[in-house]
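J.: Taken in sequence, the protein lines are chains H and Y. Following the numbering used here, the numbering of the first sequence begins with 1 at its first residue and continues without gaps. Following the numbering used here, the numbering of the second sequence begins with 1 at its first residue and continues without gaps.
In short, the hints are calculated from the structure, not lab data. Please note: incorrect hints may appear among the correct ones.
List time: in silico DSSO-like cross-link candidates among lysine-lysine, alpha-carbon distance up to 27 angstroms [stated by the list, open to error]:
| hint | chain 1 | residue 1 | chain 2 | residue 2 |
| --- | --- | --- | --- | --- |
| 1 | Y | K65 | Y | K84 |
| 2 | H | K9 | H | K143 |
| 3 | H | K142 | Y | K65 |
| 4 | H | K181 | Y | K56 |
| 5 | H | K2 | H | K113 |
| 6 | Y | K56 | Y | K7 |
| 7 | H | K113 | Y | K202 |
| 8 | H | K181 | Y | K7 |
| 9 | H | K121 | Y | K187 |
| 10 | H | K143 | Y | K117 |
| 11 | Y | K117 | H | K121 |
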Amino acid sequence: MKSGSNLEKILESGQFAVTSECGPPKGTSAQVIKRKGEILKSCCDALNITDNQTAIVRMSSLSGCVILQNMNIEPVMQMVVRDRNRIAIQSDILGAVALGIRNLLCLSGDHQKFGNHPQSKGVYDIDSIQMIQAVKIMRDEKKFMNGEDISGEVPLYIGAAANPFADPFEFRVRRLAKKIKAGVDFIQTQGIFDMDRFSRWMAMVRDEGLDEKVHILAGIIPMKSVGMARYMAKNVSGIRVPKELVTRMEGAKDAKEEGIKIAVEIIEQIKEIEGVHGVHIMAVAWEDIVPRIVQEAGLMPRPIV
Amino acid sequence: MIIAERKPLDELMAMLDPFEKILIVGCGMCMKACSAGGNKEVEALAAAVRSLRQEKGRPVSITEKTLGMQCSPKHVLQLSDSIKEFDAVLSMGCGAGVNFLADNYPQSVILPALNTKFIGVTVEDGVWSERCIGCGDCILDRTGGLCPIARCSKSLLNGPCGGSMNGKCEISRDLDCVWHLIYERLKGLNQLYRLDELFPYKDWSTSSHGGPRKIIREDLKA
Ligand code: SF4
Chain H
1 MKSGSNLEKI
11 LESGQFAVTS
21 ECGPPKGTSA
31 QVIKRKGEIL
41 KSCCDALNIT
51 DNQTAIVRMS
61 SLSGCVILQN
71 MNIEPVMQMV
81 VRDRNRIAIQ
91 SDILGAVALG
101 IRNLLCLSGD
111 HQKFGNHPQS
121 KGVYDIDSIQ
131 MIQAVKIMRD
141 EKKFMNGEDI
151 SGEVPLYIGA
161 AANPFADPFE
171 FRVRRLAKKI
181 KAGVDFIQTQ
191 GIFDMDRFSR
201 WMAMVRDEGL
211 DEKVHILAGI
221 IPMKSVGMAR
231 YMAKNVSGIR
241 VPKELVTRME
251 GAKDAKEEGI
261 KIAVEIIEQI
271 KEIEGVHGVH
281 IMAVAWEDIV
291 PRIVQEAGLM
301 PRPIV
Chain Y
1 MIIAERKPLD
11 ELMAMLDPFE
21 KILIVGCGMC
31 MKACSAGGNK
41 EVEALAAAVR
51 SLRQEKGRPV
61 SITEKTLGMQ
71 CSPKHVLQLS
81 DSIKEFDAVL
91 SMGCGAGVNF
101 LADNYPQSVI
111 LPALNTKFIG
121 VTVEDGVWSE
131 RCIGCGDCIL
141 DRTGGLCPIA
151 RCSKSLLNGP
161 CGGSMNGKCE
171 ISRDLDCVWH
181 LIYERLKGLN
191 QLYRLDELFP
201 YKDWSTSSHG
211 GPRKIIREDL
221 KA
């Protein structure tokens, strides 16, 4: 075992994993995390805590992770390179491990321009692939990025994102291969709506034999309203919502119900795709719906490992 | 070249408000080339300041002078006889020019007329765009000659992020994703394998993060 985390055990034993996420509050209340944790706990194997997602200042990911951990829920700590140089990244990793964090998701982060402090200085000292590389060396060789020794173990299960919907399409598999070369253990993809493109991407992934080298968790974003479907289709860089799905949401009597149905259908289809080892459900501000989706997609009960 | 843009007139008027005898100094190199601070711009700014101050009933005396360049001693020292006569010197040089005037004339008030923007190119008449941040350790051999440090919004080194779509950067649909351009270029050059290499951590100590920089060439020293 690299980290001994629950997520690692489930994935390495060949079981289909379910993860979801908690966005920390724009404030100091631990209650917000606890409430989300309580809702998601029985239907997920681990919960991501986002790191100032969309560059909006929120409670830190590490503190959210500790709050979950105190409830016996396994966190996946997200960390972006936007806000930290290599000194802070490595230091935060040491602290996270000391506090018992075992899963780390390495991300570039949304550009600060999107957030609520667009005047801030972006750091980007290293990129997300270099961060994966650094964490792997910290874990496997017990060395810092500068080659100096780390005292103690750094047992981390290393995650990263992949976006099959970004361009250039052909590069997306090469980029995944690069992340694998850098040392990633698991991948959570961008939210999937365009099944056709996702299937094509997965076929390329299998052709390169990459599905055997990394665990891919397919991203699911339940759509709560017609407005959300339209917004994502139009405005969110990196997400592709096919017209048919927007039309389907528009035509539905109850858009929420339709959104749930679509999410469940997508999971059902994904379960059939060779090489996908789990799902990652991102129900931003709609955590309540995750247990039902997991249930209806036939993924309950969650395994005990 | 270095590209700059003139500050808004309001800001300049406020800056010049306490002064009566002003020298406006242009630069005949980059600032002339990017139409921010050459002799023409010096003339236009001087005229604008004169008339605005006239309207306010506080006329000024402005002298115009454009140096060949503001970043070389030979040119900057041409002001040594006259500069004492002025209450303030408004430099239409880039930030380096302003600094160099201040370095050389400790007794004079030196003010910046421009906002210095970047090292870039003239894309077409009236359009300039950034190409280099002067990181001090050029990597363009590995990226098809296009710079991801200057031109990628996140200075990524290992290819396009998950926000790159239809050739555009996630931060704006008006901005090309340079990693998309690099991809296309390397593909055309049959060098896509370049993108499979893990790009080593960048050493930023050669950039401004290593502190202010200096080059000394013994072979050229007087
Ligand atoms: S979209 Fe392209 S240019 Fe923009 S941040 Fe991502 S890789 Fe860089």
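J.: Check each numbered hint from earlier against the structure, then list the numbers of those it violates in ascending order.
T.: Numbers 3, 4, 5, 8, 9 and 10 - these are the hints that the structure violates, sorted from lowest upward.
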